[in-house]
Structures are given as C-alpha cells and as structure tokens.
Amino acid sequence: MLTTQWLYALSGCLLLALGLRSALLHPALLQRILAINVMGSGVFMLLIAIAYRGPGMPPDPIPHALVLTGIVVAVSATALALALARRLTREQPHD
Amino acid sequence: MTDALIALVALPLTAALLALLLPRIATALVIFSGLAITASAIALLYGVNTAGALHYELGGWTAGLGIALRADGLSAILLLMIALVMFAASVYASAYFGKASERAQFWPLWLLLWTALNALLLSGDLFNLYVTLELLGLSAVALAALSGKHAAVQAALRYLLVGLLGSMLFLVGVALLYAGYATLDLATLTQVVKPGPIAWSALTLMTFGLLLKTALFPLHFWLPPAHGSAPAPVSAVLSALVVKAAFYLVLRLWLDVFADIVTPTAANLLGVLGAGAVLWGSWQALRAERLKLLAAYSTVAQLGYLFLFFPLLLALPPGPARDVATGGLVMLALTHGFAKAGLFLAIGIVQQRSGHDNIQELGGMVQRLPLTTFAIALAGVALIGLPPSGTFLGKWQLISAAIATGQWLWVAVTAIGSLLAAAYIFRILGHAFGNQPYPHQAVAVAREEWPALLLTLTATLVLGLAGAHVWTLLENGS
Amino acid sequence: MNATMLLIFDALLLASIIGLAWAALASADARRSVILFIAFGLLLAVAWGRLLAPDVALAEAAIGAGLTGALLLAALQWQPRKTADTTNSEQPTHTLLETGFRWLVTLLCAALAGMLAWSLTQIDAGTAKDALANAVAANIDASGVSNPVTAVLLNFRAYDTLLELAVLLTAVLGIFALGPAQAGYRIAGPVFSSLTRWLTPLLILTAGYLLWVGAHAPGGAFQAGATLAAAGVVLRLAGRDQIGLPRGNALRIALGAGVGMFLLVGLALFALGRPFLGYPPAWAGALILLIETAAMLAIAATLVSAFIGGQPTEEKTRC
Amino acid sequence: MTDILASLLIMAGLFFFMAGSIGLLRFPDLYSRLHALTKADNLGLGLLIIGLALHLRDPLIALKLLLIWLAVLAAGATSAHLIARHARRREKHV
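Protein chains in written order, with the numbering used here: chain A, 1 to 95; chain B, 1 to 478; chain C, 1 to 319; chain D, 1 to 94.
It should be emphasised that the hints constitute simulated quantities derived from the structure, not laboratory data. Because the structure is a prediction, the values reported are computed rather than measured. Idealized CB from N, CA, C, for every residue including glycine. A hint or two may mislead.
[To be verified] Coverage of chain A stretches by chain B, computed from C-beta distances (three or more under 8 angstroms per stretch; other residues unrestricted):
id: 1; stretch: 28-36
id: 2; stretch: 45-56
id: 3; stretch: 67-81
[Said to hold, decoys possible] Pair by pair, the computed Cβ-Cβ distance ranges are:
id: 4; chain 1: C; residue 1: S146; chain 2: D; residue 2: I22; range: 24 to 34 angstroms
id: 5; chain 1: B; residue 1: D256; chain 2: D; residue 2: S7; range: 56 to 66 angstroms
id: 6; chain 1: B; residue 1: P218; chain 2: A; residue 2: R90; range: 52 to 62 angstroms
id: 7; chain 1: B; residue 1: P195; chain 2: C; residue 2: D130; range: 40 to 50 angstroms
[Claimed, not checked] Take a look, some chain B residues computed to stay more than 10 angstroms from chain C by CB distance:
id: 8; residue: A43
id: 9; residue: D260
id: 10; residue: T265
Turn these sequences into a full structure, and let the hints guide you.
Okay, here's the thing in structure tokens:
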C-alpha cells in the first residue's frame, strides 16, 4: 500500500477503536450514539483508503459507493435512535 | 424457477408500500401477499430440490461487479419456515391489534421486516448482507417499540444500539475482506480466501458482530427485555426468526465461505458459549415470574443448542457424516422457530385475556382457554425435545454423532438442558391445569388460537414425522 | 517537496480528526460533544476530498455532518444537560471492579486496532485488487452514466440502493410510530427571515443541479436529497409551519417514492423479459434519472420528517 | 505572474483566518469574539476565493466560488446576528 493509504487506513482503525471504547463505556446515551457514528466513520476511512490509488490515478469507485450507502444507513439509524431516546425522556415512568 | 428469488424480495416490499398508501385494505393485502410469498417459497424449495442450488444475477451483471441472489437447500428450507411463521403471525396480528390506527402503523413495518428476512437469506454478497442486516435490525426495533410503553421503548433502544454495534463489526470484516481479495461475492470469496491474518480477523469480527445479534450467552443481555416487552406477534417473530437470521449467517460463514479457515479451537469456544447459554438461559427461564420472560430466556437457551454442536460439526470430516449432523442442527432451528412462535402467540392470548402474564396467577386457565393451553403444552413438547417433535430427531442425530466422536461434554449439557426445559414447561402447565376458578372472562378468537395451535403442531408432529425430507432437501439442494 | 508538504497536510488533518473524535467522545457535556462531532464530520469531508472521493465528501458534508448535525442539535433541546455533581470532577469515582472493566475494554479496543493494522500489512500488492475497478471501467458505457460512483450505485449495485431506500423508509415509519412531531420554533426575526427568503430557492436550485450533474460528475440523488432537506430544516428553524413537507397521503407517497419508483422500473423491466433492474443501455440514463428524482424526493421528505421528529400534526388522523 | 499573485492572495486569506481563530480564542467576551470571527472569516474567505479563481482561470468555477462566498457571507452575518441577539436577551433577563 502507499504511504497515504497507510496513514488513512491506520487512522480509520484508530477511530474505530476509539468509537468502540466509548460505545461500550460512555455513561451518556447521546455520546454512545455519537460513538457508533465515529466507529462507522472509521470503517468508511478504511474503505476510502483502500480505494485510493495515488495522486492523479482514478480511485476504485466501488468502496466509494459502499461508503455512500453506509452514510445514509448511519443517518437512518441515528434518527431512529434519537427518536426513541426522545420518547424515553418525554415519558419518564411514574413510580 | 429463478423468478421465485425475485418474488421473495419484491412481493413483501411492494406489499409494504401498498400497505403504507392504502391503510384501509392493508390487512387484506398482507394476507393476500402472504399467500403469494408462501407459494414462492414452496416453488423455490421445489426448484432447489429438483435442480440444485439456484442463483440470479441482478441487473444482468456478473456477480462481483453486480449482486447475485443465491438459494440452496439450507436457505430454501429456512425461507419456507419464515413464510409459514410470518403468515401465521400475520393472521394472528389481524385480530391482535384492535384499532385501525395501530394496524396502519404496524403492517408496513411488518412487511419491511419480512422483506429483510427474505433478502438476508437470499443475498450472495457481503456488503448487501450488511444492508439487509441493518434493514432487519431497524424494522425489528421499530416493531419492538410499537406499544410505546416505557419499558418497551427502553428495551428497543438498547436493542438498536447493540444491533448497530454488531453490524458495524460485521462491516469492518467486509472492508477487510475487500481490501484483501477485492471481491464482495460470497461464491468467489469461498474460492480465493486463504488462511492468514486477513481472513482470521475478518471472521473474528463478523462472527462477534453476529453473535451479538443472535444473542449468544454472554451477549444475550439485551434479548429478554426486548422480546419480553414487544407486542405478541412481534415477540414471536423476533424470537423465532430474527435471531435465527444471524445464526444462519454464522453457519454460512463457518461451514461454507471460511470452511478452510476455521479451527477446532475456535469452534470449541463457540461450543462452550453455547453450553453456557443452555444452562444459564434454562435456569433463568425456570426462575422467571412472567410467561413472556420465560419464553425469552428459553430462546437464549435454545440458541445455545445451535452453537453447542459447532465443535461437533467441525470435528466431522466434510462429507455425509457432517451433512447428517448439519441436518440435525437445521432441524433444531426449524422446530424452535415454529414452537417458539406458537408459544409467544399463545402467551399473547393469555396476556390479553387475563390482563397479565404472571405464571403464579394462571390457575385454572385450561378451563377457559383449552386450545391456548394445549398450544403451550405442544410448544413445551418441542422445547424439551420429546418425541415425536423435530427437536427429538435433531438432538438424536447430533447426540449420536457426539457419542461416535467421543465428545461427552456436549451430551451432558444437552441432557441437563432438556431436564431444565421440562421443569420450566411443567411449571407453567402445573399452574394452568390447576383447579382454581379462572377469574377472567376469556373468549378466545379463532384467528388468534388457530395460528398458535398450527405452528406448535408443525413443530411437534409435522417436522417429527416428515423429518427425513429435511435431510433429503439439504442433500439435493447443495 | 510537494510530497512532504502533502504528508504534513495529511498528518495535521488526521491528527485534527482523531483529536476531535476523542474530544467529542470524552466530554460529559452533550452540547460540547455534538458541536465537536459536527466539526469532526466536516473535516472528514475534507479527508474524502483529499483521497479523491468527491461524491463521498459531498454526502458526508450534507448528510454526515449537516443533517446528522441538525438532528443532534435538535436532540439537545430535550437532552438532560449533564447533572450538576459530575460537572466539576472530570473523573467520576469508580469501584475497583469498574476500573478493571474499563481497562479491559480499553485493552480489547487497542487489540482490535492492532489486529486490524497487522492484517493490513498482509495485503499483497497488485494481484487482483483492481479487478472490480476495471470491470466498472469496462462496463461504464453500458451503464447510462459516466460518473463511476453513480454507475455502481444506480446500476451495477442498484439492489443495494433499493434496500438502502427501504432502510430510510423503515426508520421514518419507526419514528412516526413513536408519536407526533415536536412543537415548532418561534417565528424568526426579520434578518433570519430575509435569509430564508433567498436561501430556500437557492438550496432547491442546488439540489436540482446536484441531481442532474450526478450522471457525469460528483453529485446524485443522496446529496441532492440532503440539500433539499436542508431547505426544509432552514424553513422549520425560521418558525414556518409550511416547510414544503406534504401532509397525510401525499406525505406517504413522497416517503415511499424512492422504493416505489425503483420497484416499478425493476419489475416493469422484468415483465418485459429483461433481468430485474436490468436497464437496456439505450434507456439506462433516462431510467436512472427517473429513479434518482423519486429517490431525491423520498430522501428529502424522510430527512425533514426525521428532523421534526414525527408525523406533522396539521391534519387530524381519522380512526 | 498570476500564480504568484494568486499565492499571495491565498496566503493573505489564510493570515486573516489565523487572526480570526486567535481572536476567537483570546478575546474576552462574546461580542468581540463574534467580531473577530466574522470579519476575519469574510475577508479571509474572500481573499482565498479570489486567489483560487485566479489560479484556476475558469469563469464557470469562478462564478461558483463567488456564489459560495456570498452564501457564506449571508449565513455568517445572520448567525452572528442571531447569536448576539440571543446573548443580549439573556443579559436582559438576568
């Protein structure tokens, strides 16, 4: 792999690990949702780094298409998670 | 014959759209399309049985550049189970949701879930599998939260986050495999994948993600609250089908795509987790106070059996002996699917008629709800694994293989698990057959009781008596 | 010289991205986390641009940072702010067991990153890695578009995109099932109102442009849909009731338009004896534009609905 | 010749961005921070865009860049106005 690919691929791995750690450990719900999004960005970075072929070379379009799909899936999941969380805060149990 | 592959995805998706646009005739639409989907699943099974594995290249592009749908004996049998269980649960749901506004919200999501299940079973492409996993996860969560009760929404939110974590890990594996082999097509990958860090890492990550989704002990913590607080027809398909979809993928990856990569040690690890699930899940089911929680913990235990025998499968050399054992595993999955769906539907009737599902207060239920109680008893027969249920056949094959290869641990765990299952089932029946007067006005609706009864009958009688065909189908369809 | 400069740029960019992610996730304050996360998304878009992925960069800026950011900022309204007792001490006290668990998780995550990095060293250079990229290039003339990313999304892997639109539909139906929309905002003052007056048509124009240009240059239905949704978000923020989102039946049609058009085209071709979703090359460009237009409307309607947090409550639902 | 001019303009633009960022971090209260930020942003971005337009020498791209500048200008001014007004209202309430 090219140096550029390495730099970005390793950063992707790091983002993934950072996101995973917070998704498991952060006490607040909102940050856990953000953490899963950061994980996703890490995977996307890995994919885009794989697709890169060097300056002036056309990159592999398939990972680009996969990441586009992934971004849309991520926003759908985030929207549903936030709606569920809003419903929870709106209706605290009356014990 | 390949038309059935398209129909199985296009029918439920089209029906979902129509149910969204025409809420007034949605119920009729669901029943009609359910019949059509079941017919397609039968056609697919027939095709696979006569012509062997089928595939269809979407858009006419060769697999790799495009996406291929694939079906073999295993996926065709599971697709038929999905069709039958979803159809029965649809009939049940048409009576379960009283208000038209509830049904208007329910049907489109229900059909989207059906689409996701079929698409997942048919997909022959790694990234497409990720998309189907997300579709399945989101539709399952939306349905689980449908009652809007605090406990249900809380459980659904946790279910969603765990599911997203699982699919994210799966996606990392997909990215890694694309980096290593520049293909997403499962069939191509099967041929080119080589033992090495890429394959090992990818398999580890994907398996871990899927185990989270299939709730294998000790990753099962999210399942009992989610399955225990969803509406009854939703609990039925979550327990019977949705967790099975992730199990199917693990099976596919371990026995097909990564067959040369997996090691006995890794399989033993899965077996140990499965053993933990059987013992812990059964014990928790025995201690559960509510029927629905009992059923949910029983799902944790029954999923354990599916992994318990992984080491056994991999200890057998590929060939007839392994195929027989694999058939036993598929039989367990099928029987559990039918029995657990029927059990949850029956529990739903009890819950609606009594206003609660506390096991302690079920005394005398049999007098008012005889058919429902009978369905619960039949489901119990299958969960324990008594003859003539399919579970009995499956366990018989697997235990014979375990004895033949000298793997006594798995035999012992199966024996203890079956005893515990008998204990928790007889605990329910003991209360239900009690002499106390049943305090509730219970009028059962045929549209609710018959689906539960037919599903549990399928698990105990049909699968048990016609079991041999499952092995033939798996063999013909490979 | 040039290479070194680029390397420094890459290092700075990646350090900022990782630093922002770290800061966003380490904070206990929801507002701070969200703002840092939006900045993180914008820098990611720069990174995608740097790696010659302009389509992804546009989508990240519009959806990943923009719309997700708007959703998160709207969520701050009902989010409980951090509780008073955790504000001062950055490190809440943990029992020994909890500390052990935290270290275990941290180590496992580090091991995961290490395992991935090790796997990446094993990728053989060359061999087959360009096989699919070459296949795309070889078939692009028959795909009806000249932007390879659009060709993959709407033709070669159109089935993925169909299911992805189904995912969007599922999410919005799930949100609708949870209850009515949030209350709107106050009517904006003259400055903001005058901004919306010319920004809204500009956004709609930009969406149309992105949709059209996607056939041969970066852009497409998703970026266009997000831009269109941005117009709705701006109007909503300005306190308008009419934000261009239809009600009742029309809304349901809009939400299902993407999946519907896709299925209609796919099944019509199937009925005519072609493969499912197999466009005839001569018609491919027109059919893709047709599907993308419907998809753009569906994406915009979905994202705006998600932003307002439920079904708009003008029309009483009849039971 | 134009390239040198373009580089100079871009560097000048970057200088304003830098100054704006420092102002944002160092100025004492909200209003002066807003002042530093918007002035530097608008001017910095303007210089940057002229520099880029000179460098690329394509009228269509220059037009698009101009449009971006105008949009950022309007959005920046409006958001600065909204932030300042919100802060003022808060002060009155306290």
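Hints, verified against the model:
1. 28-36: As far as the stretch 28-36 of chain A goes, the hint holds, because 4 residues have Cβ atoms under 8 angstroms from chain B.
2. 45-56: holds (count 3)
3. 67-81: Contact hint for the stretch 67-81 of chain A vs chain B: holds, 7 residues under 8 angstroms.
4. C:S146 <-> D:I22: 24 to 34 angstroms: 45 angstroms, violated
5. B:D256 <-> D:S7: 56 to 66 angstroms: 58 angstroms Cβ-Cβ, so the 56 to 66 angstroms window holds.
6. B:P218 <-> A:R90: 52 to 62 angstroms: 33 angstroms, violated
7. B:P195 <-> C:D130: 40 to 50 angstroms: 24 angstroms, violated
8. A43: Fine: 16 angstroms to the nearest Cβ keeps A43 of chain B off the interface.
9. D260: Given that every Cβ of chain C is farther than 10 angstroms from that of D260 of chain B, nearest at about 16 angstroms, it holds.
10. T265: Given a closest Cβ separation of 17 angstroms, the condition holds.
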